[in-house]
Amino acid sequence: MSQSKFGRYGGQYVPEALMPAIEELEDAYQRYVLENEEGFVDDFRARLRDFGGRPTPLQHAEALSARYDREVYLKREDLLHGGAHKLNNALGQALLAKYMGKERIIAETGAGQHGTATAMACAHLGLDCEIYMGERDINRQRPNVFRMRLNGAEVNPVTTGRGTLKEAISETMRDWATSVEDTHYVIGSVVGPHPFPRMVRDFQAVISEEARDQVIEKTGGLPDSVLACAGGGSNTMGAFHEFTGDDTDLYAVEAGGSSLEVDEEGGVAPNSASLSTGSEGVLHGARTKLLQDSDGQIMESHSVSSGLDYAGVGPELAHLVDEGRVTPVNVDDDGALESFHRLSQLEGIIPALETAHAFAFLEEEYEDLGEIVIVNVSGRGDKDLESVIEETAERDIEGAPDMDVFQGGL
Amino acid sequence: MSQSKFGRYGGQYVPEALMPAIEELEDAYQRYVLENEEGFVDDFRARLRDFGGRPTPLQHAEALSARYDREVYLKREDLLHGGAHKLNNALGQALLAKYMGKERIIAETGAGQHGTATAMACAHLGLDCEIYMGERDINRQRPNVFRMRLNGAEVNPVTTGRGTLKEAISETMRDWATSVEDTHYVIGSVVGPHPFPRMVRDFQAVISEEARDQVIEKTGGLPDSVLACAGGGSNTMGAFHEFTGDDTDLYAVEAGGSSLEVDEEGGVAPNSASLSTGSEGVLHGARTKLLQDSDGQIMESHSVSSGLDYAGVGPELAHLVDEGRVTPVNVDDDGALESFHRLSQLEGIIPALETAHAFAFLEEEYEDLGEIVIVNVSGRGDKDLESVIEETAERDIEGAPDMDVFQGGL
Amino acid sequence: MSGSRIDEAFADGPAFIPYLAAGDPNIESTKEYVRALVRGGADIVELGLPFSEPIAEGSTIQNAIVRSLEGGMTPDAYFDLVEDLDIGVPVVCMTYYNLIYRYGEEEGPEPFVRRAAKVGIDGFVVPDLPAEEADPLREACDEYGLDLIFIVAPTTRGERLRRIMDRVSGYVYVQARLGTTGARTDVSDQTDTSLGRLDEWDVPKAVGFGISEREHAERIVTGGADGIIVGSALVDIVAEGDTDDGTVAERLERKARELKEGALAGGESRPQPERP
Amino acid sequence: MSGSRIDEAFADGPAFIPYLAAGDPNIESTKEYVRALVRGGADIVELGLPFSEPIAEGSTIQNAIVRSLEGGMTPDAYFDLVEDLDIGVPVVCMTYYNLIYRYGEEEGPEPFVRRAAKVGIDGFVVPDLPAEEADPLREACDEYGLDLIFIVAPTTRGERLRRIMDRVSGYVYVQARLGTTGARTDVSDQTDTSLGRLDEWDVPKAVGFGISEREHAERIVTGGADGIIVGSALVDIVAEGDTDDGTVAERLERKARELKEGALAGGESRPQPERP
Ligand SMILES: Cc1ncc(COP(=O)(O)O)c(C=O)c1O
Ligand SMILES: Cc1ncc(COP(=O)(O)O)c(C=O)c1O
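Chains as they are written, first to last, in our numbering: chain G, 1 to 410; chain Z, 1 to 410; chain S, 1 to 276; chain H, 1 to 276.
Calculated directly from the structure, the hints in this document are not laboratory data.
None of the values given here were measured: they were computed from a predicted structure.
Treat the hints with care, since some could be wrong.
[Stated by the list, open to error] Reference excerpt, derived from the structure (chain Z facing chain H, CB under 10 Å, subset only): (1) V14; (2) M19; (3) L125; (4) E171; (5) A177; (6) G281; (7) L290; (8) D293; (9) M299; (10) A311; (11) I389; (12) T392.
[Said to hold, decoys possible] Covered stretches of chain H (chain Z as the covering partner; in silico rule of three or more C-beta atoms under 8 Å from a C-beta of chain Z): (13) 42 to 55; (14) 88 to 99; (15) 145 to 157.
[What the hints assert, rightly or not] Straight-line alpha carbon distances no greater than 20 Å define the calculated EDC-like cross-link-like pairs of lysine to aspartate or glutamate that follow: (16) G:K98 x G:E135; (17) Z:K5 x Z:E371; (18) G:K5 x S:E132; (19) G:K5 x S:E133; (20) G:K218 x Z:D50; (21) Z:K5 x Z:D27; (22) Z:K218 x Z:D43; (23) Z:K218 x G:E280; (24) Z:K5 x H:E107; (25) G:K218 x G:E181; (26) G:K5 x S:E83; (27) Z:K218 x G:E23; (28) Z:K98 x G:E62; (29) Z:K218 x G:D27; (30) G:K5 x G:E323; (31) Z:K98 x Z:E181; (32) G:K98 x Z:E62; (33) Z:K5 x H:E132; (34) G:K98 x G:E23; (35) Z:K5 x H:D242; (36) S:K118 x S:E133; (37) Z:K218 x Z:E181; (38) Z:K98 x Z:D27; (39) S:K118 x S:D84; (40) G:K5 x S:E107.
By construction, the Cβ of each residue, glycine as well, lies at the ideal position given by its N, Cα and C atoms.
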């Protein structure tokens, strides 16, 4: 059986009712994913290719390379079906659930990207699907809500708390505690109880498997650094995994939100930088780094990007940070918005707001990133158009196009 | 020099002011595209791969194959950067313009897909870009308008006529007549004066080049039929080109709109079925099949999908129809909407409304399509969410999800 | 595992174990409500220390937790509350692991347990702490003589069940049905099966999740339970506030009495279990 | 290519060639307006037959076309209008190729040309018909003795220019600047260069696109033009309707006179071209 911990992080802090399902999942993970029983892995890879569109390209970014005077490569997960890296995991888990004989899938979603990926995977595989989504996120990501419905999924609004990802995960766990016998919970990132963090990482590792081969083919060598935005950390771990044994610097770029300061009284951390500023604790099934107050109550996090708006982070990432193998950094909302516009204009790629964080870090720190830099383009920004209009109008964002015609929304 | 006609169709019916530019383009097409001068074709293919995400998969559609009791394969152009086949052409022409030393790009757009593809290609290549778009289409496709602006393009509303693609093309030609010396007009389909129909087809032919190899690899043989929706006909010609020498049936699926009847008095054809119901005439630079009244005035066309809403069609397609090599068929708005929902639910792929027409034909006529059917998924439906909400609510569409929560839009 | 105050609470027949969220809606009320429950016949009181992510709770208790946190409840305030209670029946602290883990300056659960022991808490229920992760807390409980109650779910069987029953003390919390806490109008069929599975173990079995009526209590005890745990049905009364039917405290006491009577009636209709 | 009514119109010095969209806003008005222009000095009248996709026109003439089509203009109505005109100066039909191509039962442009000849039309300008595609229309024109006027653009040079000039008759329409039709407030520098390129050909050169003032007319004729073509500036007057300054017809006549005078003044300030 695989290890349930990464150093001091990880574990299985879940209600007893879920433990049998989690043991069943550990077993299925071992057999199907690690040992390719019944050809699961081959089936998965074929579907990722034909349904998902893998491999995604590693693109040399001409304008950014010129701007930063080094070679910048983009790993184009935005081209995956559904528009983000999320499908790698959603398809893997939904397929695994099918191999396990489960008929119903539940999942939480923040930006809606994991929800849409899961809904698509379930439609593709003929599984029932229900998605929990915070009410606030539902309002921030309406098109994704509609896409899930189009794919035949139910979308259940979660009204507790601030109505973002944290609450959606809690609510999905509650559903699972009721429905565990015929239902699989497709968690959306490298978080949750073991074996989720390990399994989701394995499904996402295809990003760095491809990228490593591609960068060697294109440059003859390994990159000096790899940048990926970190919410729960699945695109991060996916982009880093195959490089962890190399001499490549790995930067996990978190959402600095509006400030790194914390409002203990209000229970609000106006950022989502759990690796940079969080402390150890137990949330959603795992011991990891968290945004919490001194009592251990979880803070409401904030980011302009729904997909990074989470108070926790994957335990493996927390461990790699402690080990010094991954460097946690963060950029604020303004920087992310600026980078959103910069990438759109310079490279003709409209990134997700989540992804834009990685580019903001590139803009700020390129001098220290070496000759060859890979940025993981975790998703496309179509889902963010409405937010970008609003958020850009509220700020004075350098280089943004004139938003006047779009006042009042799309 | 390449032939300017396809049988009786094609030619160069444009104002004299444009003819020198068109001759220059013919020359550039000959040298760069046909003779690979300066390695243009290699450069183009590399960019299609790394920036665009080619090759796109040919996916076996499990649910549709079961439903129709034959093997249905999907050519996944929806996975191309930007979300439609349009980038194949836009990138090709923008790159050609760059090789020709042009600094400014203009283009028309209907659904906004060609506009966004052109805006993306121009941002990628560092070219200035202005897009003409009918005012009605601007309202039907707001997200695409915003995406073009994000990529740094100007979007110029066209207010003449009904404000759809036809008017946008006319207006772009007017701009070109003024700016022809430093500007290239990136036309969005296999229409317009020679060499556009031929050149655009060559850029799009990558679809059938790949699909032909892929279907042979997957099935050991050639398909019995290939289906593609036809507006101007670029995805159609792209999907058909390499099969024209084979024994494969080729179906161009036009928009039947609300009816095939024509309102001569009002000057309106409530469809866009120029191959099925049109007559020979001259429009936008070419002799082709058109929707026109008995005087030769061009009709206002209609389709629920902006991208098919055009009174003309590519001259090569008109010729192939006359020759009996391509079968023109059509389906109505309702059928397209139904298929939009069906594909979303059964396969986890939300198609463009344009694309949905091809699937509606599959639903209606699958019995006659043979054992192996390829449907070209020309684009994804993210751009259509708003229209689908409205149009579905107006109708009684079989199998559509409950739209109530989305009343009032996204 | 013998002779704790909790063990004693099961000595005289079926136990009635009410749950309230501490600080809902404020500290003084909680004291009043707990005393009312004791008057109504409570043998043990489960007092929830609210955590911001209560993944095992249904909406009734979630809302109680929100009210409590908004009222300013903290672990320290909770300990003070318990210290002040002085009710003569054992108090079990029900909370989530992060609050236990984070408390105090030193690492691990020890500081929390130490303080809990000091203020008179008798045991813990930690819904997000399965047996696999419980060793540090189990050790601290042993050190301070507190019971650690585990939940067994309808899905808990075989090897897992054994692992839990090896570690449990005080009583085992038999989760009557899958899902989260919350009052129901029926008794789950799963309850009897679950109780059956526990026959071979001698520790008291208290059934919770969904019990809201006298009849439920009676049926469950008849089915072999040594106690019933009732939460949401009581939290509902707190949430309602005073009504024409009486103050919250009056109605809590009445409800407690009714449930306790149910349990006793159930106890009489079956052969008394042999107690050690 | 000799002796047509159009050739004659250039015989007595620089020609003034006004353009109106037929049927804007209705047929009777067009007749009245054309007569006013002739009174004002028009030597040839270009009468537009509106086509729904006028890709060579700026917004002024586009709008006129919309008005005309909405007023019910059709090719047959157009022919009737011309037949009724009886103005003593040649009429050139300006339209787009599809209307010519589609007219009548038989295929090709012949039926249209036949009918045009019958109603007294003297020639054609077809902005979307470059020399490359013009042979069928050229042949039909030759058959019925009509002139086919081609446009040369500022970008037309060398081989292309030769190809056009080989086919032109009546006059060559020198497009004063790139772009579409529409009144401007200046004269393009491109005009003189364009005229220069045409020196070796003996056919009359009429300049159009953007001319709106007496001074423009004068300058252009001074620069070597044999005629000036004015459209949008006149269509603007039609669009405005009757004003305090006079009826549309009165203002058209006045404007025509002014432009014609400009042309004449230009003609006097340069050596008269030798006419055959
Ligand atoms: C495009 C994109 N990138 C990144 C993230 C963050 O998630 P993770 O850190 O798990 O990759 C999300 C989450 O929704 C996302 O949609
Ligand atoms: C997705 C999609 N499919 C099809 C079309 C129709 O164009 P064509 O017939 O040129 O492929 C469009 C045009 O915008 C489109 O966006």
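Going down the list of hints, with the structure as the test:
no.: 1; hint: V14; in the structure: 6 Å, holds
no.: 2; hint: M19; in the structure: 5 Å, holds
no.: 3; hint: L125; in the structure: 25 Å, violated
no.: 4; hint: E171; in the structure: 9 Å, holds
no.: 5; hint: A177; in the structure: 6 Å, holds
no.: 6; hint: G281; in the structure: 5 Å, holds
no.: 7; hint: L290; in the structure: 8 Å, holds
no.: 8; hint: D293; in the structure: 9 Å, holds
no.: 9; hint: M299; in the structure: 8 Å, holds
no.: 10; hint: A311; in the structure: 9 Å, holds
no.: 11; hint: I389; in the structure: 32 Å, violated
no.: 12; hint: T392; in the structure: 32 Å, violated
no.: 13; hint: 42 to 55; in the structure: holds (count 5)
no.: 14; hint: 88 to 99; in the structure: holds (count 4)
no.: 15; hint: 145 to 157; in the structure: holds (count 8)
no.: 16; hint: G:K98 x G:E135; in the structure: 29 Å, violated
no.: 17; hint: Z:K5 x Z:E371; in the structure: 35 Å, violated
no.: 18; hint: G:K5 x S:E132; in the structure: 12 Å, holds
no.: 19; hint: G:K5 x S:E133; in the structure: 11 Å, holds
no.: 20; hint: G:K218 x Z:D50; in the structure: 11 Å, holds
no.: 21; hint: Z:K5 x Z:D27; in the structure: 16 Å, holds
no.: 22; hint: Z:K218 x Z:D43; in the structure: 29 Å, violated
no.: 23; hint: Z:K218 x G:E280; in the structure: 51 Å, violated
no.: 24; hint: Z:K5 x H:E107; in the structure: 18 Å, holds
no.: 25; hint: G:K218 x G:E181; in the structure: 48 Å, violated
no.: 26; hint: G:K5 x S:E83; in the structure: 37 Å, violated
no.: 27; hint: Z:K218 x G:E23; in the structure: 38 Å, violated
no.: 28; hint: Z:K98 x G:E62; in the structure: 15 Å, holds
no.: 29; hint: Z:K218 x G:D27; in the structure: 33 Å, violated
no.: 30; hint: G:K5 x G:E323; in the structure: 14 Å, holds
no.: 31; hint: Z:K98 x Z:E181; in the structure: 13 Å, holds
no.: 32; hint: G:K98 x Z:E62; in the structure: 15 Å, holds
no.: 33; hint: Z:K5 x H:E132; in the structure: 12 Å, holds
no.: 34; hint: G:K98 x G:E23; in the structure: 17 Å, holds
no.: 35; hint: Z:K5 x H:D242; in the structure: 49 Å, violated
no.: 36; hint: S:K118 x S:E133; in the structure: 24 Å, violated
no.: 37; hint: Z:K218 x Z:E181; in the structure: 48 Å, violated
no.: 38; hint: Z:K98 x Z:D27; in the structure: 14 Å, holds
no.: 39; hint: S:K118 x S:D84; in the structure: 12 Å, holds
no.: 40; hint: G:K5 x S:E107; in the structure: 18 Å, holds
Comparing the model with each numbered hint stated earlier shows that hints 3, 11, 12, 16, 17, 22, 23, 25, 26, 27, 29, 35, 36 and 37 do not hold.
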